[in-house]
Each structure stands twice: as structure tokens, then as C-alpha cells.
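Combine both chains into one complex, guided by the hints.
Read top to bottom, the protein sequences are chains C and A. Position 1, counted from 1, in the first sequence is what this note's numbering calls 1; the numbers after and before it change by one each time, with no gaps. Position 329, counted from 1, in the second sequence is what this note's numbering calls 329; the numbers after and before it change by one each time, with no gaps.
Just so you know, the hints here were simulated from the structure itself, not pulled from any lab data. All of these numbers come straight from a predicted model, not from anything done at the bench. All C-beta atoms, glycine included, are put in the ideal place defined by N, C-alpha and C. Treat the hints with care, as some may be off.
[Said to hold, decoys possible] Below, computed lysine to aspartate or glutamate pairings styled on EDC-like, alpha-carbon distance capped at 16 Å:
hint, chain 1, residue 1, chain 2, residue 2
1, C, Lys36, A, Glu438
2, C, Lys36, A, Glu484
3, C, Lys62, C, Glu75
[Unchecked claim] A partial selection of chain A residues facing chain C, derived with a Cβ cut-off under 7 Å:
hint, residue
4, Glu72
5, Gly197
6, Gly212
7, Gly252
8, Glu484
[What the hints assert, rightly or not] Footprint (simulated), chain A over chain C, 3 or more residues, beta carbon under 8 Å:
hint, region
9, 5-18
10, 62-69
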Amino acid sequence: MEYVSPIDERVRQPEPLAQPTATIEGKTVALLDISKNRGAEFLDRLELHLHDRGAKTIRFRKPTFSRPAPAELIEEIALHGDLAVEGLAD
Amino acid sequence: MGVGSAELTLEGVDGGVYRLGGLQGDEERVLLVFAHSECPTSKLALARLGPLGPALAERGVRLVCIVQEPLEVAARMARQHAIDALVLAERPPYAVANAFGVQTVPMMILLGSDGGIEGTVVGWVADLLNELLPVRVSDAEPRWKPGCEARPGHDAHLPPPGPSAFDELEDMFERGWTDGLPVVPPTADRVAAMLGGHDPDRSLGVVPPGMGEATLARVAACAVLAGCKPAYFPVVLAAVEALLDPAFNVHGQAVTTSPPGQIVIVNGPVRTALELNSGMGALGPGNRANLTIGRAARLVVQLTGGGAAGGLDRATLGHQGKISFCFAENEEASPWEPLSVERGFGDEASTVTLIGGDAPLSISDHRSKTPRELAATIGWAAAVTWSPFWWPVDATSLFILGGEHVRMFAKAGWSKADVRDAIYEQVRRPARELRHGETTPQVYAAHPEELIAKWDDPERIVIVVAGGEAGRFSAVCGPSLGMEAAVITREVPWNT
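Same shape as in the complex, but just chain A (with noise of 0.2 Å):
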């Protein structure tokens, strides 16, 4: 054992807290290993000793890689070069190094059992680690690699950092911290400023897929990376807590084959507050509010729920609102109850309004001349969704209007439920002309000529008014089929 380092202590990444002197079991010997982040020499014997773990364990070694980072560091660390063993984080002023001589990582100390030094190697030398340890370690190329100066010393002898010499937004890269595009770096300021005196430590729950935990942290650092501003945060964390209600089952939809992304429609006093767009490209780009509060949601499942395409996420195609998704409801332009009301908030409440879907489908009509036709044409568009064929389909489908043709409407005297039921009435099909690839029981089960409705409920259909004043556009995004994904509302906290 080092000189005086039996009753340090260090974290480890699985949690818990370790005293140096206490790790090691009786007949048991300890091989540490001193590591940091910028070594590649200590990348590479943590990469080859590191899922030796297990096979050392059964010798009578225990592995202790001692890492000289934070912990959050550490734990990546531990990921990425797949160590099966305790990974402890080491921190300025370094005692346990300098307790045990290091002034060059990677530096691997096997201790006996009697906790006296058995051997060391500096630097990477399979050769001379053959013959210290029981396991043979990998037989690879490059076989002896130099190590690099440990910390602190490391830091002292930085050359002064010249304009190309980090940058942070290629280290987000390589941290993963993206859904790739370029993010904004989550400083502990930046942090501190969207969490507006939250508690940093408060959960959320955790977030499927990975079900990671959500402390209000780690929700703010996913703001932070998309660019919202702290005042976003109210929206971003009522997000949240819409997409982890078990009932939105935001656990299917990260990790179908299907394409669905997660919908965030604002209601109330806090989209003007905030300048969201519920006006003219709503759905498309130039608002920040719009684009960084639903990256910020989606960052969440991606990041701290472990939900990456191509990782957990097992989406076939996936598409562009799975990278954000967020508009706000042009409570102005609409004759009907905004969506917030409808599910029960009060006049003045602000909402975020949770909806599993599809990519939105853009619907033209500039020549209907009676209501019941406009609705007829916004509702067969809809008809392709999920496929030309599944019908009924028995989840929700969104349908949003544009300006005039909801003026069309309220001209007309129709409610929004009308506009509902029009929809409902009319896009049915006969069973005959349905039985054709991919379709349900019930097309089998029923007459040929029996007409089928695109849906098993009128209820499916959610309707809400965004867009410019001009021109005859709607949009309908198609359903998130398969997950019982229930609409989920949550109110935000906003005074006016």
C-alpha cells in the first residue's frame, strides 16, 4: 500500500465510496491501474486490461483503475473501454497518486497480498504485465507504448492553449452529447442559469429506454445543449413530465421501428411570453423558442434516457420532428377553445400538450366550397397515414389547421367537434377495397361492402389551429400506432 494511503478515500462510479485501505479482500491481491483521459497510452491499457476484470478476479486479483477525472469523466470512461472492474475517480490534490509515487500514467502497481508492492509498469508494456499478472493480456500491436506525464503535473506543462487547441464543440461530439447536430456546450453557469434556483438533485423519474434518472440537472444540461434560454425552461420541464407519464408510454415509442416522435403543443399566456410561433411557418424554421424547447425534450430521451438512433432507438426511417418538434396553438386565429381548455385547463392556464406522431403531411385545398367538402379533403389525407390499408387505426391522429380554412369553418358555424365528426363520418372505405397488404381483423371480419371508418373512435382525432393568415394549408400527422400512447397534458407554471 502507498505511503498514508490506507484511509483515503475515492468515489466510484457505481456510487459508492471506497477507502483504499479497505479493498482488498483476504489472500486477495490488487492490481491499479492510474489512468486520465488525455493519455492515449492510458486509453489503450484501460482498453486491454479493463474487460480483464473478471478473468483477474478469478485468479485472485482484484482490478482497481484509478482515474484521474471527475467522476462523470471516470464513468464515461468506464463505458467506452468496457471495464468489467472498480473504477475509481481521482481529484486534485491527487493524494492517493502521489501516495503511491505516480508521475507517469498509465501506471499499473500490483499489490500483494500482504498489501506490499509486488511490481509495477510504467507506461504500456505487455511484456513485463505477462509476467506480473496471472491472465495473459492482449497480444495486439502496439505491444510497448510510452505513457504520458500524470496530473497534476500534466496540467502544470500545458503548452498555453493557442486558438485551435480545444474545441468545444467538436468535444460534444465526442462526447455523444448530440443528435447531431452542433450543441450548445452545458457549462456549469449555463446550467446554473436554466435551473433558475431549482433543485439541481430533484427527479423527475427516470426516462426510458435506459432509464436514466432525470434530476432537474441533467434536464437543464439537455436545455442548455438545445440552445433554449433559461426562461424555456418552465416549458421544457413540463415537457418532460408529460413524456415520463407511464399512460404517454414514451418508452415504446423510443424504441419501435415505427417513425413517431414526441409533439409538444403549447397552450396559453406563456406562448406569447415566450414568442413561440403559432403563426406563419409554424411548424417549419426560424423560432427558437419553437426548435430549442422540443430539442430539449427529445435530447432528454436520446440522452438521458439512452434512446440514440441506431442505439436504443431501432427506428426504420425515423424522421425530422424526432429531432424537435414544438409549436404553440394560434389561440388568436381560432373561433373553437384552444387545445388546453378542451383537456380541461382553465382559460388562462399555460400547457405543454404531449402527442406521439408521425411527420407532418402538408393538405392544399383552395377550391372546397362547402365545409363539409374541406373537411372531407383534410380528412382523406389523413387516409395514407400509418398505411393506405390499416384501417381502423385505433390512435391518435393530428390535424392542424391552417388560418383560412379554419375561417372556412367558424363562417360556417361549425364547432370544432363538428369539424371532428365530419372528418370521422366521411373518410370510411368498404371493407373490399381495404383487404389489400398490411390491414386489420376486423377489414377481414366485416362484409366486403361494409364501410370501415379511418378510426375506431372520433375521439382519436385532435385538432388544433396554427399557421399564417394566408393561403388553404393543412397538416396531419399521422399516428404513433402500436403504443397506447395516450395525449398527455401538463400545465405550466407562468404568472402574467
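One chain only, chain C, in its complex shape (with noise of 0.2 Å):
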């Protein structure tokens, strides 16, 4: 039996991840804050470890967790940060 499926079915490939970097000083950490409630404090922890291992940072935040980030925010990211931190909301 021949049934119209209710999914689409193509299979689409995942972007490649990009290679991890061998070290983070010297390097541009972009974190983002998902405007989570706190997570801005989260972020601002983790920047000091960043800073004390020679890394700089660049901070950018989203307008709302529950929905994907801007196209115009990724590559802001993208632009200006050699890596990114970002957290998943629930």
C-alpha cells in the first residue's frame, strides 16, 4: 500500500562542525546571552576564566530565548568572534 507521508522526508545533511581550536588565548570568544533569566551572571563567570587564559571576549544577546537567534546576530558572531558560548533554553 502507496501512502502520501505527512513528513518531509528529504534527508538533509548536517553543516560540518568547525575543528576545534588548539588553544583559546589570543582568540575572540563571542558569548551569547539567550536572555535566559541569570544567565547574563553565568556569562559574566565564565568571562573572567576567558580573561585569565588570555582569551578576549565579546559579549552579544539575543531579544528572546524561545526563539532562534536573528540571521543578523549569527553573523555579527560570525564577524567579530573567532569562537562561541552559547547555553539552550528549556
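What follows is the structure, given as C-alpha cells:
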């Protein structure tokens, strides 16, 4: 029996992950605050640790945790950061 | 290369069309794996070889799986067996399989860089494959398993189906095309009837969270699965258009750990034409239109959008309204303008309104003597929604007022706005009483005696009328907090 599938069956290839960097010293780490309650406090602490290890940091904030980041913001992060850190909301 | 196969073409599950003669790069060998879905040995071979695609490619062998199935079945097998390689679908008359003399599946054929056959393995024989391939295949048992007849011989030699040979309802569960309840199989005829002449390839956009494209054929398949009559399809379409409005943020709602479902409220002449229930038991069982339209909308999120519970849907508990939550407003029992008119549509418009919300919480009040007292009872029931101490909420609460409650308001000459304002004004607590557990920064910033409202804006309170004539009951659906989910209304094209 043949059916009409309710699912988009196309197989999408995942984007390849960037290669991990050997060192963060001298690198610019983009820290993305996803606007989740107290997330910025966590990033404040993380930023101190990154500075201790010789990394520079740059902070970004997305408007709300409940939506994907706007494309322009992702482009900004890619343009200015060598690495990026972001959290996942619940 | 099989005799005469070079110019044959097959569709790939990645959307491409591939010429057999063009599969092979310079200095590259190709491992063809012929298989079909009704052969357990084929599944074993695909599961063992499929994930080896990249490792084989590193060693100069391109893995190509040729599945004797429709494209959608081939795509599902690729996903189920984690095949990390090109998967092609072959349909009758199986010209490629014939060209290679494939009578048994699985059949693995290694083509040398000159296109000549270097080796063939029929069935699953791990030792032979290890001799043939530059990558070691799984050592797991079984290491040997005989194959099955390839199509079309397999199909021609099947015994006539007995009464229990194939259960299409069970097949739907195996495919995962369900919300946990039995569904109506979306045969081509049923889907065509549901489409009613609509272009099956027209897209309504992509459905979060998995970003599957909502072609009308897929939406119609969901409506069939849900049990809709074809006459319901315009309402389903409007509901899907509404839930795909970016302002509704179905993306956030579909994946959050919090419980929201998508509530579908129908207004206008289409309610009576399709016999939606706006009266007795409107939120409960018993009405096909209510239950199947709401279910179709949810199936689009779960199947086309990939937001299946426990998968991308991360709800801690969820609620049963996430199976289906659709009802009609009882405009005939309402002294007020219907929700559709309140939201800017004409008197005769048929609409669907989508609200992200929690399960309904029933409110009993058989004793209030004044409309203000009744508004307080109804409003205070909402005080515990989301959290008893998270005040104010910045999301929509849906109040569904029953007939007897509405009549008390109407008798006193209250408008819908009066009810909304009375709820908003009365449901307040001193900040000190809210400093407990989960609460908001406003509560701590306020003077301890300052009264904090349950909602940050009276417009967060949406009121509709539904239910039977008797019984002093109403209900409230708590907010979908944090999702910034706007209330969205779409007109249903409907000629009265």
C-alpha cells in the first residue's frame, strides 16, 4: 500500500562542525546571552575565566530565549568572534 | 557497470537525480547495495554498512544504496538505519537491478575504478565483505544471514494476503505517523479527497522545530491521519497558516519543557456548517470536527514539523490538549461580539484563532450574587496558573465562560471589557505574599504592601463563550509563558 507521507522525508546533511581550536589564548570568544533569567551572571563568571586564559571576549544578546537567534546576530557573531559560547533554554 | 546501466537514472532521497554512469569519480570504486524494506537481511546490511559511508569514502570507495521502494520509504529507511551515504530509490521495472542481475537482496557489488565488477556478496556474509572492502564491517552477530528474493519476484511470489497478513493501522504506528492513538492511513485517494483540488505541492512554509516543509499534500495527510472529513480541510489549512505565523512562535512552544499546546477556536458560519461543538461539553469528547481539526493541527507540528513528544518536544509533562484542543465559540449564547469580530474580522467572517496555552482548569461558582463577585471567582482561579507566585504574567490567559455565568454578566449589562477589567483589577496580591519560590523581579522591586496584578496588561485576558446552558462552570487555560506567543486569527474561506 502506498501512502502520502505527512513527513518531509528529504534527508538534510548536517553542517560540518568547525574544528576545535588548539588554544583560546589571543582568540576572541563571543558570549551569547540568550536572555534566560540569570544567564548573564553565568556568562560574567565564564568571561573572567576566559580572560585568565588570555582570551578576549565580546558579548552579544539575543532578544528572547524562546526563538532562534536572528540571522543578522549570527552573522555578527561569526564576523567578530573566533569562537562562540551559548546556552540552551528549557 | 551492469549491462546497459550507465545511462539509467534514479532519484536520490536528497532530492537529486543520479545517472548510474555518473556515480563514479576518477580513481574511485563504488559499492552498490541493493535492498528492500520487506527483507530483514536487507535491513541488517543497511544498518551495518550505512554508517560506514564516510570511512569507505576515505579509502576510495563510494557507498551507494539502491532501495527497491518509493522515494519516501527509501528516505525513511535511510533515516532509520543512519545511512551516511547516497540512497537511491528504484521503482518497477527495476531496470538497474535487472542490469546487474540482482535476484536476491541484499546484494553488494563492488565496482572497480574502471567500472568492472570486482566482487559480489549475496545476503549478509561478514567475512566475505571484510575480504572485499577496505573497512572492517561489524563483528556483531549474525555474521551470516541468507538474503531474500529481490523485487519484482518477491512481490509476485507472495502468498495471497490472509486476514491478518498486514494490519495497516499497526503499519502507521511502525512508521511513527501517530500521536499515540490509532490514525486513518493517508492513502493517495483519501489525501486527494482531502485536498479537494488544492495544489498538493503548494507550500505553507516550513514547520518548526524540524523545519519540514508544509506542502498541502502533507497537511492533507495529517488531516486524513487525524480523521478529518474533507469538508474540514479549509479550517485545518487556516489553523496551520495561523500556527506558522512567526508571531505565534510555534517553534518555542513545540520544544519547551513547559506544557503549552495550540488551542484552536473557531468562529463564524463555518462552525454550524461543519457541526463543530460550541455547546454542551465543547471542551470534551464526542464531536468529530472539534477533535479531528485540533488533532490535525497538532499532527502537523508533530509529524511535518518533527515536534514529537520525547524527541524535539521536550515538555516535562505536557497535557492532553496537545493531542487535540479545538472548539467553537458559542456565539448564539453570547451577548457580546464574538472573538473573530473583536479581532477585527466582519460579522459574517469564519475564522480560526490560535492561542498557545495550558490545559483548561475548571471553575465552579454557583453562589456569587453580583457580577463583580463572579468575576473575582473566575479571575482568582487563574491566580495559580503557571505558578501561584509568578506575578505578573506577560502572556495570554484564555477564559472560556459558560452560559450561566455569561447570563449573569449580561443581565447586569456588563460588556466583555467590563468582565476583563473586573478580573484584571481584582486579582492582585501584596508583593510580600508573592515572595515565595518562583517569582518575578517586579515582586522583589516593589514595596512589600504594593499590590501586584496577575497580568501585566488587561489585554492578556482573552474571553470567549462556550458550553451548555446549564451549570455555573467556566474554565481558564493558563499562559504559555516565555514564548512571546501572540494570539493569531486567520479567516477561513467559507461561502455561507
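Verification of the hints:
1. Lys36/C x Glu438/A: Status holds; Cα separation ~14 Å.
2. Lys36/C x Glu484/A: holds, 13 Å
3. Lys62/C x Glu75/C: holds, 13 Å
4. Glu72: Given a least distance of 4 Å, the restraint on glutamate 72/A holds.
5. Gly197: violated, 16 Å
6. Gly212: Result: holds, 3 Å to nearest chain C Cβ.
7. Gly252: holds, 3 Å
8. Glu484: Where the cut-off is 7 Å and the nearest Cβ of chain C is about 6 Å from glutamate 484/A, the hint holds.
9. 5-18: It holds, with 8 qualifying residues against the three required.
10. 62-69: holds (count 5)
In summary, the one numbered hint that this structure violates is 5.
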